Amino acid sequence: MNARDTILDTVRRNQPAAVELPVVPMFDADLPALWPQFIAGLERMGGKFVEPAPSADLNALLATLFPQAAVICSATPEVSGNRPLSAVSEPKQLDDVDVGVLRAAFAVAETGSLFLSEIELGVNAIAYLSQHLICLLDPADVIGNLHHAYARPEFRSARYAVLMTGPSATADIEGVLIHGAQGVRSLTVVVAPRLPN
Amino acid sequence: MKRIDHAEAASHFIAAKDNEAFHDKRLWDLRQKRDRIRDEIPEWQALRDLASVIKEHALSHLAGYLEQFETQAKLNGAQVHWALDAADHNHIVGEILAARGVKTLVKSKSMLTDECELRPHLERRGITVVETDLGERIQQLDDEPPSHIVVPAVHKLRGDVAEVFADTIGTDRKNDDPHYLSEQARLNLRPYFLDAEAGMTGANFIVAETGSVVVCTNEGNADLSANLPPLHIVSVGIEKVIPRLADLAVFIRMLSRSALGSPITQYTSHFRQPRPGSEMHIILVDNGRSERLGLADFWTSLKCIRCGACMNTCPVYRRSGGLSYGAIYSGPIGIILNPTQDLRKYSNLPYASTLNGSCTNVCPVKINIHEQIYKWRRVMSEHDQLPFAKKTAMKIASRLLSDPKAYRRTIAATDAALEYLPRFLLYTRFNAWGKQRENPATPDQTFYGWYLKHRSKPK
Ligand code: SF4
Numbered sequence: 001m002n003a004r005d006t007i008l009d010t011v012r013r014n015q016p017a018a019v020e021l022p023v024v025p026m027f028d029a030d031l032p033a034l035w036p037q038f039i040a041g042l043e044r045m046g047g048k049f050v051e052p053a054p055s056a057d058l059n060a061l062l063a064t065l066f067p068q069a070a071v072i073c074s075a076t077p078e079v080s081g082n083r084p085l086s087a088v089s090e091p092k093q094l095d096d097v098d099v100g101v102l103r104a105a106f107a108v109a110e111t112g113s114l115f116l117s118e119i120e121l122g123v124n125a126i127a128y129l130s131q132h133l134i135c136l137l138d139p140a141d142v143i144g145n146l147h148h149a150y151a152r153p154e155f156r157s158a159r160y161a162v163l164m165t166g167p168s169a170t171a172d173i174e175g176v177l178i179h180g181a182q183g184v185r186s187l188t189v190v191v192a193p194r195l196p197n
Numbered sequence: 001m002k003r004i005d006h007a008e009a010a011s012h013f014i015a016a017k018d019n020e021a022f023h024d025k026r027l028w029d030l031r032q033k034r035d036r037i038r039d040e041i042p043e044w045q046a047l048r049d050l051a052s053v054i055k056e057h058a059l060s061h062l063a064g065y066l067e068q069f070e071t072q073a074k075l076n077g078a079q080v081h082w083a084l085d086a087a088d089h090n091h092i093v094g095e096i097l098a099a100r101g102v103k104t105l106v107k108s109k110s111m112l113t114d115e116c117e118l119r120p121h122l123e124r125r126g127i128t129v130v131e132t133d134l135g136e137r138i139q140q141l142d143d144e145p146p147s148h149i150v151v152p153a154v155h156k157l158r159g160d161v162a163e164v165f166a167d168t169i170g171t172d173r174k175n176d177d178p179h180y181l182s183e184q185a186r187l188n189l190r191p192y193f194l195d196a197e198a199g200m201t202g203a204n205f206i207v208a209e210t211g212s213v214v215v216c217t218n219e220g221n222a223d224l225s226a227n228l229p230p231l232h233i234v235s236v237g238i239e240k241v242i243p244r245l246a247d248l249a250v251f252i253r254m255l256s257r258s259a260l261g262s263p264i265t266q267y268t269s270h271f272r273q274p275r276p277g278s279e280m281h282i283i284l285v286d287n288g289r290s291e292r293l294g295l296a297d298f299w300t301s302l303k304c305i306r307c308g309a310c311m312n313t314c315p316v317y318r319r320s321g322g323l324s325y326g327a328i329y330s331g332p333i334g335i336i337l338n339p340t341q342d343l344r345k346y347s348n349l350p351y352a353s354t355l356n357g358s359c360t361n362v363c364p365v366k367i368n369i370h371e372q373i374y375k376w377r378r379v380m381s382e383h384d385q386l387p388f389a390k391k392t393a394m395k396i397a398s399r400l401l402s403d404p405k406a407y408r409r410t411i412a413a414t415d416a417a418l419e420y421l422p423r424f425l426l427y428t429r430f431n432a433w434g435k436q437r438e439n440p441a442t443p444d445q446t447f448y449g450w451y452l453k454h455r456s457k458p459k
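Protein sequences, first through last, are from chains A and B. So for the first sequence, UniProt numbering puts the first residue at 1; every next one is plus one. So for the second sequence, UniProt numbering puts the first residue at 1; every next one is plus one.
Keep in mind that the hints were calculated from the coordinates and are not lab data. None of the values given here were measured: they were computed from a predicted structure. Don't take every hint at face value.
[Stated by the list, open to error] Below, computed lysine to aspartate or glutamate pairings styled on DMTMM-like, alpha-carbon distance capped at 20 angstroms:
id, chain 1, residue 1, chain 2, residue 2
1, B, Lys-366, A, Glu-20
2, B, Lys-33, A, Glu-174
3, B, Lys-25, A, Glu-174
Just need the whole structure built from these sequences, with the hints factored in.
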């Protein structure tokens, strides 16, 4: 017998008496106001938050946030950047990106998380190799909790999906919190309603 | 296999006073953070109940869910392998890498690959394996196993890390600033991420209905390992399969809250299909799990989601350090997992517990950890695996435990005695615990005495 059949056989022989699968409720009665909870969650996890004036130019904003940035790579049409993602044939070419710019598909108030998949990322590695990340978010795209998040169709269609909550972090040396462990050193959420299409 | 002498091993850790004091404080801090964030979620206990029942459902239908996962994953374009044991697993990984001429493998933290001792196996085959989780990297460079399943180097102080890095990656020996050390690790690891031909991750959960592999990290190192090289290998224990995405919500809500007291890990990543032009291989590993499933008293240990909360809360673990358990899994969860791998080697571990039940109280999937520890003691004594001193003490204890009244009398008397007995009577070789530590201060009252006094009067 091959390993697969041996394992499944032993499992079948040893399975304990059947226990029924429960219904998982949405736990969404009396959820707190979405936007303030999202901001608080994001900041607790080390994310930053900027709300520009409604008419502000995002390219100009970016220049004030990261005046030193030489390479800016944007996966969203609101920001142009100077490294077109379409020219990237291998993920490692993003190694020198100073600032990556994305738009989250949606965000989760409970945890302060942003949802990103290969659709939003273009090249997945942009979210990890960039030194800093800017993520545009339309406040209308914030949902209540993780139960609602996992009911979204994106989790069934995306090849790769991440709930990103703050920048890369570690506390592996004496519990000292450090941002920029391996991935991005900072994550800034910028309020930006979606462009009408 | 030589029997692990936990008390003896712990004595070395306890001798490093600063490490022990920090270890104790840091883990208790994690426990308190967990308590605070639990209190933010009114449905916490409901979530624990759900998590427990979902796991029991999944384990009682495990074969079916494994088949469903396999079917889905294959439809998604992943390749699925089955490994009977550690050797089988290591062989499969080695073959996948060899067939593609892989020289360097970047890895995110996986307890399973440590359990299988994958690293030495691949190194013998000439493959460079690079751990990319900072704590795990520190442990790799120091040639030590992880001492904690979530924070692998928690037993080390900054000075220890500075020494390890100075010896291995050439940092300034005198600079022990954690910011400096972390930055050096980042700079050291970056080229490996860029150039490795393969990446490997474990999995916190796999979802049967979608064939998704779910990995939780704070550093984003799993995402770097899986999103850069053209080959992603996933090693996962067969007990990690859950039925639906709806179930995943329950576990993700609890995992990091229980582990670190944060609402979620910085990155919760879902790998469903390989990137275009790249490969994804998933290895489903048994290594004793299917047999454990048949142990009436112990199968629920397979519900474990490896959050580490039981370790953080355990007074024995906090004071003795993970390495003293002589196993990949340490702390309360280690005590109940390890004996199924090697009864004799780990026959001493069930005594590294006060049976205070704190582990059971914090466990997000409601495993009756302390009861299983007690049951393992019974198994050990039935198999005559008890060292002499414990046997003598246990004979007396078992007489007492089977007679609640005598037990209460004795506890009251013992506690009174503890206050007055001279040290030489308390700290003899018959009290294995007394060797390394002072006995705890005696409470003025026993719990039972307190209960009798304070319980509400029957109406
Ligand atoms: S036994 Fe429970 S508390 Fe301990 S690591 Fe596993 S899930 Fe967490």
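Hints, one by one, checked against the model:
1. B:Lys-366 to A:Glu-20: Holds, at roughly 17 angstroms.
2. B:Lys-33 to A:Glu-174: holds (16 angstroms)
3. B:Lys-25 to A:Glu-174: holds (10 angstroms)
Hint check: no violations occur; every hint is consistent with the structure.
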